[in-house]
Amino acid sequence: MTSPRLKVACTLGNIAGWLSRGLNRGRGETLTGRVILAICPNAIHDLAQNRDVVLISGTNGKTTSTSNLVAILSHFAGEGVTTSSSGANMPAGIAAALAQKPRHRLAVIECDEMYLPEMYRKVSPRVIVLLNLSRDQLHRTGEVRKVAQSWHDTFTKADVTLVVDRDDPFLEYAVAQAGHVIRISFGGRRHPDAATCPKCSQILNWTTGNYSCNCGLGSKLPDVRAGKNLRGPQRNTVLITEAARLMGAEILAADAQALLDNSPDRVSQFDINGRMVSAHLAKNPESWREALAQLNSPQVILAVNARGIDGKDTSWLWDIDFAMLQGRRVVCTGERRLDVAYRIQVQGIDVTIARDIAVAVSKFPTGIIQVIASYTAFQDLAVRELGITRVQGELK
Amino acid sequence: MTLTIVRLYHDLLGTYGDQGNAEILQYRAIARGIEVELIEVNPGDSTPRSADIYLLGGGEDGPQLAALEMLRNDGGLNFAAAGGAVVFAVCAGFQIIGESLPAANDEQVSGLGLVDAHTVYPIAPRSVGEVQIAPARGELPILTGFENHQGFTQLGPEMPALGRVLSGVGNGYDQAEGVWHGNVIGTYMHGPALARNPELADAVLQCAIGPMARFDDELAILLAQERRQALKRK
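Top to bottom, those sequences are chains A and B. Per my numbering: the first sequence = residues 248 to 643. Per my numbering: the second sequence = residues 3 to 236.
No wet-lab data here; the hints were simulated from the structure. Where hints are given, some of them may not hold.
[Stated by the list, open to error] Away from chain A, derived, C-beta distances all over 12 Å, residues of chain B:
id : residue
1  : 63
2  : 169
3  : 205
4  : 209
[Claimed, not checked] Result set (DSS-like, lysine-lysine): computed pairs, CA atoms no more than 30 Å apart in a straight line:
id : chain 1 : residue 1 : chain 2 : residue 2
5  : B       : 234       : A       : 530
6  : A       : 393       : A       : 530
7  : A       : 559       : B       : 234
[Stated by the list, open to error] Which residues of chain A face chain B? A partial, calculated answer using Cβ under 8 Å:
id : residue
8  : 351
9  : 443
10 : 448
11 : 564
12 : 568
13 : 571
Where a beta carbon is used, it is the ideal one built from N, C-alpha and C, also for glycine.
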């Protein structure tokens, strides 16, 4: 039932969002959601009533996985799907997503890790996909084990099906008390941030494919076994394919394979003064490693900022091995170009610095250029492409 | 000569890029024609007793206590420090080398006691952000880093700080930041500290091997200057 108050909230919220877009102040969802929640604080709960919601959370791949799941469900389940727009994964963005019309029965919602407990309680989802947990923006979320702990304290019932990467000890701890879990194993690779147990902090014993701790936490038998050498984005596709099956999409193995082949990382093409560059968004050490592993051009630009969402502390650059840049031409740009350039130089790699992306591109007269950019550096590229002035705080 | 640098428990104490400090020391020593052996000590390994420089980094609370227990049981770091080896410890590592620090359940646990310093968790928000300090030793320029810690660390009366806080929180007492006692240096500065402060990196090396040739590391100097300028603007 939609209460009169909720109706008014949604109408005013949509007007505010529409005005915001009209004034070119960004995409407006955050404003829409804020207005809705200000007028009707229970809006997220109310709007999710009698709908089948999937929440997607984790450190890396939320946005891509959300849009992939929407694509699968709308194709294979044969009905419309409500979803959040790219990256708006906090309460205001989620409220705006759920308020959209038509109000489809199915909704796939991306959710920030910190807000997942609250959204789980408000939305009562059918399925939650927990993609992965690794170090991210330490100054904001604190430690990865704190996120795992808050999830552990949250998921204590059997009222939702959790789909998780079984090889991730943080996720295993997160779902250790949950009633209904589907664990998917990718061959049991060692987690780079889990030297110690997420539960008790003793040293974890890692053996091929498994881990265990004296406190009792350990890898469980998987419900599903998937390929061993999948990269992060492919693992995420396997997880959301399972979620699609749970939501009733009759997806065949062959179709899943096709999806796997087509699951792109966040790569976009940008025109910089007439040169096309492909830019890969990398937000934290794990996604930098993924992006570096996929480089195939000998000409590389690294763009690093340290504004709020990038992580204000750049020391994570030293957690990444840049050895694969050896022998390539590397130009560093962005507000923290010196931090990244020095890190790479210490690894024995020749590097040049450039004050902005246009200068960086001009260092390569011909040939393909690949860019890896931190969050706001990537945003700056996108904004530059559109020729509009960046508005603080509109994304996420 | 060969300079031996020991990186202790990188898996447990490497949360904030502090492993970079080892790479920077190695890089700057090699630039002077000094041979370097970098030794990784992992949980379960014993700590060499006769190395030149020992590095401890930042870490989360649980791994910090696990590392402390192993270092205490092993005894190698205390043995080496008593013999004059250089210790450079950041954040959780800084807390570990003190006399006491917080354990689970609001209790205090004894540290390794390399310096007279006591860490407590104050009722205050976590200290997160850029920090800059005026070093106690006049030969160093202003130092900068990024701090991210819950603990406040009080130095004993005989303990010289690494520097005086110009902006940021530091140790949380008396405007002090870090400690520099004999050949033992502790600090809350990540960045990593030695990337953003090449003069401090050289000071650490000099503690181990004495005077060195000049090394004009243009990019490191630019980075240090840029960080100091950025903080001045604030």
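Outcome of the hint check:
The Cβ of residue 63(B) sits about 7 Å from the closest Cβ of chain A, inside the 12 Å cut-off, so the non-interface label is violated. Consistency note on residue 169(B): stated as away from chain A, and its beta-carbon is indeed over 12 Å from all of that chain's, at 14 Å minimum. Distance check on residue 205(B): its Cβ is at least 18 Å (rounded) from any Cβ of chain A, clearing the 12 Å threshold; non-interface status holds. Residue 209(B), annotated as away from the interface, keeps every beta carbon of chain A farther than 12 Å; the closest lies near 20 Å.
The straight-line distance between the Cα atoms of residue 234(B) and residue 530(A) is roughly 28 Å, inside the 30 Å bound, and the hint therefore holds. Simply put, residue 393(A) and residue 530(A) have alpha-carbon atoms about 19 Å apart, close enough for the 30 Å limit, and the pair holds. Taken as a hint, the residue 559(A) and residue 234(B) pair is honoured in the structure, with Cα atoms around 17 Å apart against an allowance of 30 Å. Taking 8 Å as the C-beta cut-off, the interface hint given for residue 351(A) is violated, the closest approach to chain B being about 41 Å.
Given the 8 Å rule on beta carbons, the hint for residue 443(A) holds: about 5 Å separates it from the nearest Cβ of chain B. Checking residue 448(A) against chain B by beta carbon gives a least distance of about 2 Å; that is within 8 Å, so the hint holds. Interface hint status for residue 564(A): upheld, as the beta-carbon distance to the closest one in chain B is roughly 7 Å, under 8 Å. Taking 8 Å as the C-beta contact cut-off toward chain B, the hint placing residue 568(A) at the interface is violated, the least distance being around 11 Å.
The closest approach between the C-beta of residue 571(A) and any C-beta of chain B is roughly 17 Å, which is over the 8 Å cut-off, so the hint fails.
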